[in-house]
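Novice: Fit chain B to the supplied structure of chain A, relying on the hints for placement.
Chains A and B are the protein sequences, given in the same order.
Quick note: the first sequence uses the numbering used here, first residue 1285, plus one each step.
Quick note: the second sequence uses the numbering used here, first residue 466, plus one each step.
If you are wondering where the hints come from, they were derived from the structure by calculation, not from laboratory data.
Please note that a few of the clues may not be correct.
Below, simulated DSS-like cross-link-like pairs (lysine-lysine); rule was C-alpha separation at most 25 Å, straight line [as the list claims (entries may be wrong)]:
1) 568/B / 1324/A
2) 1307/A / 568/B
3) 1328/A / 568/B
4) 1307/A / 1324/A
5) 1355/A / 1307/A
6) 475/B / 1355/A
7) 568/B / 1377/A
8) 1328/A / 1307/A
Bear in mind that the values here come from a model prediction, so they are computed numbers and not experimental data.
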Amino acid sequence: MSKPAIETLSIVVEREIPFPPEKIWRALTQPHLIEEWLMKSDFKPIMDHKFKFTADWGSVDCQVMEVEPHKTLSYTWGAYGLGSVVTWTLTPKGNGTQLRMEQSGFGTDKQQQAFYNGAKQGWPKFIAALEQVLAGLPA
Amino acid sequence: MRTSPDAVLKTLADPTRRAIFERLCREGEQTVHVLTDHAGVSQPAVSKHLGVLKLAGLVRDRRAGRETHYSAQPRGLEPLLDWMTFYSAFWQERFDRLEDLLKRIDQ
Chain A
1285 MSKPAIETLS
1295 IVVEREIPFP
1305 PEKIWRALTQ
1315 PHLIEEWLMK
1325 SDFKPIMDHK
1335 FKFTADWGSV
1345 DCQVMEVEPH
1355 KTLSYTWGAY
1365 GLGSVVTWTL
1375 TPKGNGTQLR
1385 MEQSGFGTDK
1395 QQQAFYNGAK
1405 QGWPKFIAAL
1415 EQVLAGLPA
Chain B
466 MRTSPDAVLK
476 TLADPTRRAI
486 FERLCREGEQ
496 TVHVLTDHAG
506 VSQPAVSKHL
516 GVLKLAGLVR
526 DRRAGRETHY
536 SAQPRGLEPL
546 LDWMTFYSAF
556 WQERFDRLED
566 LLKRIDQ
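Pulled out of the complex, with its shape left as it was, chain A reads as follows:
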């Protein structure tokens, strides 16, 4: 299920996949496989590596932030006027894997971190008002 969470401006998609983490990791980190399900890229699983995803509609500017083989992969994702962070988490579950993707508008990027720290105070109250406002918007 995808669940837009206005609290953090993040999107979480989580699925149980009937394959081991090692296999999923390959699909997340090898460019020829990444291209098959996501986009063409010059990705490398190396800290701070800058890369791009490209598609016919444009490109996404990225930088690797965290690599823990078979467990966690995180990169910045800059597109559509908003810098965000995409984090993949792989947790073994039975014979398969619980795969979780979180894309967050308040990432660990320095600028975003500074913003988040500034915004944290009073944010929950704001969210309550925001939800009220959104409820009143035409669909």
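Specialist: Leaving out everything else, chain B in the frame of chain A:
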């Protein structure tokens, strides 16, 4: 031109500015005077914040006599909603493709 989600977030990152926007969402239209009474900062500061909110499309103003009245523009939040809607669908579809790929490739 349409405001980017990033610009909306940056506009609302300032706690005082966000409090003003919140108040307008909650209480409806307010004058600068009333907003200043609750903001805990000077009237010029409040006016400046309102200017930034207006630029981001989050508030609208209306002159009536000597007073300017401000009201919240919820539609200003739409860039954030669009962003979330787009990516929710995007990742669902990519997860499907990933699962298909995993079925096809060797261990």
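Novice: Can you confirm whether the C-alpha distance between residue 1307/A and residue 1324/A stays at or below 25 Å?
Specialist: holds (19 Å)
Novice: Does residue 1324/A sit within 25 Å of residue 568/B, going by the straight-line distance between their CA atoms?
Specialist: Holds, at about 20 Å.
Novice: Is residue 1328/A within 25 Å of residue 568/B, Cα to Cα?
Specialist: holds (23 Å)
Novice: Does the structure keep residue 1307/A and residue 568/B at a Cα separation of 25 Å or less?
Specialist: holds (10 Å)
Novice: Checking one constraint from the list: CA of residue 1355/A to CA of residue 1307/A, max 25 Å. Satisfied?
Specialist: Holds, at roughly 12 Å.
Novice: With the threshold set at 25 Å, check whether the alpha-carbon distance from residue 1328/A to residue 1307/A stays at or below it.
Specialist: Holds, at roughly 17 Å.
Novice: Please work out if residue 475/B and residue 1355/A have their alpha carbons no farther apart than 25 Å.
Specialist: violated (32 Å)
Novice: Need the status of pair residue 568/B, residue 1377/A: alpha-carbon distance at most 25 Å?
Specialist: With Cα atoms ~18 Å apart, residue 568/B and residue 1377/A stay inside 25 Å; holds.
Going through the hint list in order, the structure does not satisfy hint 6, though it satisfies all others.
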